[in-house]
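K.L.:
Using the hints, position chain B against chain A.
So the sequences go chain by chain: A and B. Heads up: the first sequence runs through residues 1 to 373, numbered per our numbering. Heads up: the second sequence runs through residues 1001 to 1346, numbered per our numbering.
There could be a bad hint or two in this list.
[Said to hold, decoys possible] As a list, the in silico DSSO-like pairs of lysine-lysine whose alpha-carbon atoms are at most 27 Å apart:
1) Lys1146(B) / Lys106(A)
2) Lys1146(B) / Lys1070(B)
3) Lys155(A) / Lys286(A)
4) Lys286(A) / Lys156(A)
5) Lys156(A) / Lys131(A)
6) Lys131(A) / Lys155(A)
7) Lys131(A) / Lys1140(B)
8) Lys131(A) / Lys106(A)
9) Lys1070(B) / Lys1140(B)
10) Lys131(A) / Lys1070(B)
11) Lys286(A) / Lys131(A)
12) Lys1070(B) / Lys106(A)
Source of the hints: derived by calculation from the structure; they are not laboratory data.
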Amino acid sequence: MKYLTEFRDGAIAQKLAAEIRQMTTRHWAIMEVCGGQTHSIMRNGIDQLLPSEIELIHGPGCPVCVTPLEMIDKALAIAALPNVIFCSFGDMLRVPGSDRDLFRVKSEGGDVRVVYSPLDAVQLAVQHPTKQVVFFGIGFETTAPANAMAVHLAKKQGLTNFSMLVSHVLVPPAIDAIMRSPTNRVQAFLAAGHVNSVMGFWQYPPLASQHRVPIVITGFEPLDVLEGIRRCVRQLEAGEHEVENAYERVVTFDGNRAAQALLEEVFAESDRAWRGIGVIPRSGWKLSDAYADYDAENRFDVSDIHTHESPECRSGEVLQGAIKPTDCPAFGKQCTPRTPFGATMVSSEGACAAYFNYGRVVQLERVRVRVHA
Amino acid sequence: MDEWACPLPLRDYPTVVLGHGGGGQLSAELVEHLFRPALGGDDPPPLTDSTVLTLPGTRIACSTDSFVVKPLVFPGGSIGTLAVHGTVNDLAMSGATPLYLTAGFILEEGLPMATLARIVSDMGRAAREAGVRIVTGDTKVVERGKGDGVYINTAGIGVVAANVDIAPRRAQVGDVVLLSGTIGDHGMAIMSLREGLEFDTTIQSDSAALHTMVAALLAAAPDVHVMRDPTRGGVASSLNEIAQDAQVGIQIHEERVPVRQEVRSACELLGLDPLFVANEGKMLAIVPAAQADAALAAMRAHRLGGNAAIIGEVVADHPGMLVERTTIGARRVITMQIGEQLPRIC
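The following block holds chain A by itself, in its conformation from the complex:
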């Protein structure tokens, strides 16, 4: 419990911010990869403590935001089927598909249920043997082990009425893709500590070295994020590009080997489409051949899906750090959390939703926050 208060100490936060201000000599663009970090930055107002030269770019690490529209539409189609119990984490329910969301499907009679663990969905399959129970397995490496365990247990128990709609995405290929982009502006990364608690960070040194980019692994409390920024700025000012672990209380170099072994058994690497970004090679996981029977895409005929993305939504550019949310003409006008065009305006971790609130602060304080160099 003390972790919650220890890493929110206002005096230490001010001291760290002062150190960052002191060492900053020029503009630096730092991307926080994970939506949880974005949420922490906005929730605590961390960006307000930083010098105007530090630009925080919100990365693609909101699992809700990057789940491709086609996958959302497949989820909607399956959830609407009779005799199906469709299980999902809560924040997927409001994400707009081509013409509706899971809340709408539920209101129209679909049996859509919010669960807190994929294992709850397996339990539902045990309790309802005459129903097909489908779990929407999305997320980064953080949520993947529990999802893998759910499929593993379903197979072990011989359940024939459980399947998973899998759309897992991986962080290292996304970092690589961002650095390779001709429009890239990112100069350092705050890596997502939860992902690294599972995967370790043995994949990161080649990325840092190849792209000459500092990568600092951080947690999600205000002091974690500020310390991560401090270490990034120190490296940038010194011209270094190392991988640093600023989340040692949780993350080790090797990560959780048992979880990694389970992931290797249940999942196989695949090319994966990211909503608003496009296909990134080998950036996702699908169920491995040994578990193909548990793939909801195989069990239900959802191949004939035609998607329709709002032409006005520029969330893809936001996710890549190419534009800030307020650069989008629809931002705060046609597109609000109440009437979202894209997932980035829906999820609490989405950059557009975060900026929607943040922009109001900026407006009321009449200060100019520097976002571009």
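P.N.:
For chain B alone, kept in the frame of chain A given last:
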């Protein structure tokens, strides 16, 4: 079951059947043997379809609310206690002394009679403890699958003293914002019982009638401007509504808002903000700065207000908005939620 005056006829029906809402013999037995003994108090009124009441004051407050909570029984209360406390508190927040309640039941066919007995027993006890009388009611039964066991509607009537003027529009720049205790207890108690979610500690609902604390508050600080019980939508929604109604800014301080450690941990786990989680036994009060200390002392002296705190102030900046000073010294706008809070994926 112990509460039944004459259990024999009802024992023939261990669950609610459609006939219990049909207006015939079964309906009459339900009212006579279960509702009336539980809800009637020491001097049971006739429980007819309407009642003539004698009101001692000239200013009358009335309120109605419906209760659809799942699960029906939870640590610290049940839908029965909520149905009384909710309406009592709605009346109390306008400065009224609650006197009478009505009770409308929508029962689902198949509901175990023992569950219903527990709920109305809770309800009767809550009403007696609060000093209000349940004077009339109604029962309907819907087919199995068309309800969640029990829905209860309560309406309430109270009287308001001549000098009391409580309204959101009265919030003024310079006022202070008081909160009577820890937030999020009810919402997290309910959530901890929902399927698949188990915590190591049992979080108790804070369900309680607040009108005696209101009376103590008004005695100590007669010029209270606004009172509100932050139920669904939590403290954040209540303060946003007040800010918008009065077109003032409200600023609160994160470190001053009392939250139990177990509630904070559960919220962290699920990615929920305690400011938006429901309460059923807490109140906000906005009072002139000159009466703030007296108001706080009155709250703290009451058995329901031991953790009361001054959490913020009404400001001239950002009219219509709620802003929080975070623990690290920054500011964030707290907006209204679009709908229910949804647990985050990770």
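K.L.:
Now look at each hint and say whether the structure bears it out.
P.N.:
Against the structure, the hints come out as follows:
no., hint, in the structure
1, Lys1146(B) / Lys106(A), "holds (16 Å)"
2, Lys1146(B) / Lys1070(B), "holds (14 Å)"
3, Lys155(A) / Lys286(A), "holds (16 Å)"
4, Lys286(A) / Lys156(A), "holds (19 Å)"
5, Lys156(A) / Lys131(A), "holds (19 Å)"
6, Lys131(A) / Lys155(A), "holds (17 Å)"
7, Lys131(A) / Lys1140(B), "violated (32 Å)"
8, Lys131(A) / Lys106(A), "holds (16 Å)"
9, Lys1070(B) / Lys1140(B), "holds (19 Å)"
10, Lys131(A) / Lys1070(B), "holds (24 Å)"
11, Lys286(A) / Lys131(A), "holds (24 Å)"
12, Lys1070(B) / Lys106(A), "holds (18 Å)"
Hint violations for this structure: number 7 only, all remaining hints satisfied.
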